[in-house]
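*Asks:* What follows is the residue order along each chain.
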Amino acid sequence: MDDFEPTIIAFVCNWCTYTAADLAGTSRLTYPKNVRLIRVMCTGMVDPQYVIKAFLEGADGVLVSGCHPGDCHYINGNFKARRRIKLLKEILPQFGFEPQRLRLTWVGASDGIQFAEIIRELVNQLKALGPSQAKLKMVI
Amino acid sequence: MTITGKIDVKEQDILGALRKFFEDVLNLEDIKAILVPQHLPMKNMVMPTLVTDPNQLNGIDPLAPAFPMNAAKIVSRLTRKPMGAKIVAVLRPCEIRAFFELVKLKQARPDEVVLIGIDCLGTYQNKDYFRFVEKNENDSTVKFYQNVLSAKGAKIDDVDLSPACKACEYPVALNADILIGLYGITENDYLMVQSQTATGENFLAQINPPKIDEPASRQDAVAAVVEKRIAYRDDMFVKTHEATDNLEKMTAYLASCVNCYNCRVACPVCYCKECVFSTDVFNHDPSQYLKWASRKGIIKMPTDTVFYHITRLAHMSTACVGCGQCSNACPNDIPVMELFRTIAQRTQEAFDYEAGRSIEEDPPMSVFREEEFAEVVGIDK
Ligand code: SF4
Ligand code: SF4
Ligand code: FES
Numbered sequence: 046m047d048d049f050e051p052t053i054i055a056f057v058c059n060w061c062t063y064t065a066a067d068l069a070g071t072s073r074l075t076y077p078k079n080v081r082l083i084r085v086m087c088t089g090m091v092d093p094q095y096v097i098k099a100f101l102e103g104a105d106g107v108l109v110s111g112c113h114p115g116d117c118h119y120i121n122g123n124f125k126a127r128r129r130i131k132l133l134k135e136i137l138p139q140f141g142f143e144p145q146r147l148r149l150t151w152v153g154a155s156d157g158i159q160f161a162e163i164i165r166e167l168v169n170q171l172k173a174l175g176p177s178q179a180k181l182k183m184v185i
Numbered sequence: 145m146t147i148t149g150k151i152d153v154k155e156q157d158i159l160g161a162l163r164k165f166f167e168d169v170l171n172l173e174d175i176k177a178i179l180v181p182q183h184l185p186m187k188n189m190v191m192p193t194l195v196t197d198p199n200q201l202n203g204i205d206p207l208a209p210a211f212p213m214n215a216a217k218i219v220s221r222l223t224r225k226p227m228g229a230k231i232v233a234v235l236r237p238c239e240i241r242a243f244f245e246l247v248k249l250k251q252a253r254p255d256e257v258v259l260i261g262i263d264c265l266g267t268y269q270n271k272d273y274f275r276f277v278e279k280n281e282n283d284s285t286v287k288f289y290q291n292v293l294s295a296k297g298a299k300i301d302d303v304d305l306s307p308a309c310k311a312c313e314y315p316v317a318l319n320a321d322i323l324i325g326l327y328g329i330t331e332n333d334y335l336m337v338q339s340q341t342a343t344g345e346n347f348l349a350q351i352n353p354p355k356i357d358e359p360a361s362r363q364d365a366v367a368a369v370v371e372k373r374i375a376y377r378d379d380m381f382v383k384t385h386e387a388t389d390n391l392e393k394m395t396a397y398l399a400s401c402v403n404c405y406n407c408r409v410a411c412p413v414c415y416c417k418e419c420v421f422s423t424d425v426f427n428h429d430p431s432q433y434l435k436w437a438s439r440k441g442i443i444k445m446p447t448d449t450v451f452y453h454i455t456r457l458a459h460m461s462t463a464c465v466g467c468g469q470c471s472n473a474c475p476n477d478i479p480v481m482e483l484f485r486t487i488a489q490r491t492q493e494a495f496d497y498e499a500g501r502s503i504e505e506d507p508p509m510s511v512f513r514e515e516e517f518a519e520v521v522g523i524d525k
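Taken in order, these protein sequences are the chains called A and B. Under my numbering, the first residue of the first sequence carries the number 46, and numbering increases by one thereafter. Under my numbering, the first residue of the second sequence carries the number 145, and numbering increases by one thereafter.
Pulled out of the complex, with its shape left as it was, chain A reads as follows:
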């Protein structure tokens, strides 16, 4: 499937990764249009159910991206997010979702270039993996 274009749902923190994505845009950097950004106030509010829902609705990849350790505006939301990602990485592969489909990154507000690179790399990885099983099967 050479023409497979993966869909990535990205939960991005308002204070850092979202700002970085915005910066990438205003700096006229280009990155693949496969990503749908969902702005959240902190990665600490990303309940596992959002990630699960995204996958069951057919997302090929889910990215959760927030502030670097020490930079979270709510002090430790990013550390809580890391535990939840760890948890989901134990659960989702049990049901056949490859662990590489779920990613957590720390991207600072001024890292527009890094954000564009991450998306490019993720798209490449997901193209290599192929479409998610949820796209192909009847599940709800």
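These aren't lab readings, by the way, just hints derived from the structure by calculation. You may find that some hints are simply not true.
[Said to hold, decoys possible] Label pairs and their in silico Cβ distance ranges:
1. A/G175 to B/E358: 55 to 63 Å
2. B/E278 to A/E143: 49 to 57 Å
3. A/P114 to B/E313: 52 to 60 Å
4. A/L74 to B/S438: 56 to 64 Å
5. B/S502 to A/G70: 47 to 55 Å
6. A/G175 to B/D424: 32 to 40 Å
7. A/P138 to B/H428: 22 to 30 Å
8. A/L174 to B/A399: 23 to 31 Å
9. B/K164 to A/P138: 51 to 59 Å
[Claimed, not checked] Only some residues are given here: those of chain B computed to face chain A with a beta carbon under 8 Å:
10. M394
11. T455
12. I487
13. T491
All C-beta atoms, glycine included, are put in the ideal place defined by N, C-alpha and C.
Keeping the supplied structure of chain A fixed, place chain B with the ligands upon it in accordance with the hints.
*Replies:* Same frame as chain A, but now just chain B with the ligands:
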């Protein structure tokens, strides 16, 4: 100092012996009530009862293979706020473990309750227990007890232990204040009673049972039960994983789920006051169903079934004690316990946690460390 004593059993009347012991407990000055399973006079079912009058213990039957609910939920109700008195709760090991999880979730308090844990001989599923008790009537518990502790085993006629109990590696309540031991006692004229905490020691000293040494054969007898259970459990993990390791199989596994959420209601550790799945969030706009259906031309109704179960796994599998009440409650006989235990084994291991092991250890999702799980951050392999 651990106190080990005996409860005398006369003419093989174990329930009578336990009744006498519970009467002694209830007569202690500090104890205002005892929560204990009893045969209800109006129906042949065993349910938790809260008793303040020592003369109302005639139907006690904590050894019956009946397990209508995980009574940790009841203890949570009784202890969530100060009651102004101390009570004793007679519980199964998995009920005590669930109670510990609820304490850590701040939905129960340990200060006013003394826990008595009886060696658990296992239980039947509800429907099976009804058939069993109908056939064996008044002798049912004694028959069960004798069969389990002899070579005959728990299977009586066509009724056998629930899968949850067959897979349970905690037949002994190691964290009760007072333990009542059944396994490994070769003579049939007594039961063992042992203190396991300072509170337990204090109360047992007041009752002052005749002292004995722990029977030499006890540890081996328990180890033998545990070994058998672990073998069953590990085999169950392999089979369940095989039956659910992709979405198509999961959909088949849950095919008859009607989203009644009985499994969640029966779960002692599903902690939310209002579950998100019973809120309006899941009362989708009617047009949404059409959109979903038109994606692939067909969807199964009701929707959100796989979503519900995987989310519930994310929310509570680290607290799952494996009591099996989810399976017991399912109207369509979906093996919910098998799925939840299989995943819980992984999630608890990942955080080096074991539900119900200790009343102090923090639940994994309630804490974090600054340096940990570096492997889940970043986008390399
Ligand atoms: S499934 Fe989740 S949201 Fe629902 S009661 Fe259980 S823990 Fe709460
Ligand atoms: S009890 Fe059974 S039918 Fe009801 S929600 Fe749970 S698995 Fe589904
Ligand atoms: S504010 Fe950015 S991760 Fe918490």
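*Asks:* 52 to 60 Å was suggested as the range; check whether the CB atoms of A/P114 and B/E313 agree with it.
*Replies:* Given a distance of about 38 Å, which is not inside 52 to 60 Å, the answer is violated.
*Asks:* I want to verify a distance hint. Is the separation of the beta carbons of B/S502 and A/G70 within 47 to 55 Å?
*Replies:* Holds - the Cβ-Cβ distance for B/S502 and A/G70, about 50 Å, lies within 47 to 55 Å.
*Asks:* If I claimed the Cβ atoms of A/P138 and B/H428 lie 22 to 30 Å apart, would that claim hold in this structure?
*Replies:* holds, 28 Å
*Asks:* Given a hint of 55 to 63 Å, does the C-beta separation of A/G175 and B/E358 actually sit inside it?
*Replies:* At roughly 60 Å between Cβ atoms, B/E358 and A/G175 fall inside 55 to 63 Å, so the hint holds.
*Asks:* A range of 49 to 57 Å was offered for this pair. Does it hold for the Cβ distance of B/E278 and A/E143?
*Replies:* holds, 51 Å
*Asks:* Under the criterion of a CB-CB separation shorter than 8 Å, is B/M394 in contact with chain A as hinted?
*Replies:* Since chain A brings a Cβ to about 5 Å from B/M394, closer than 8 Å, the hint holds.
*Asks:* Starting from the hint 23 to 31 Å, judge whether the C-beta atoms of A/L174 and B/A399 obey it.
*Replies:* Since A/L174 and B/A399 have Cβ atoms about 27 Å apart, the given range 23 to 31 Å holds.
*Asks:* Indicate whether the distance between the beta carbons of A/L74 and B/S438 respects the range 56 to 64 Å.
*Replies:* violated, 37 Å
*Asks:* B/I487 was flagged as interface toward chain A. Is the shortest Cβ-Cβ separation under 8 Å?
*Replies:* Where the cut-off is 8 Å and the nearest Cβ of chain A is about 6 Å from B/I487, the hint holds.
*Asks:* With 8 Å as the cut and Cβ atoms as the points, is B/T455 at the interface with chain A?
*Replies:* holds, 4 Å
*Asks:* Return holds or violated for the Cβ distance of B/K164 and A/P138 against the range 51 to 59 Å.
*Replies:* holds, 54 Å
*Asks:* If I claimed the Cβ atoms of A/G175 and B/D424 lie 32 to 40 Å apart, would that claim hold in this structure?
*Replies:* holds, 36 Å
Violated hints for the displayed structure, listed by number in ascending order: 3 and 4.
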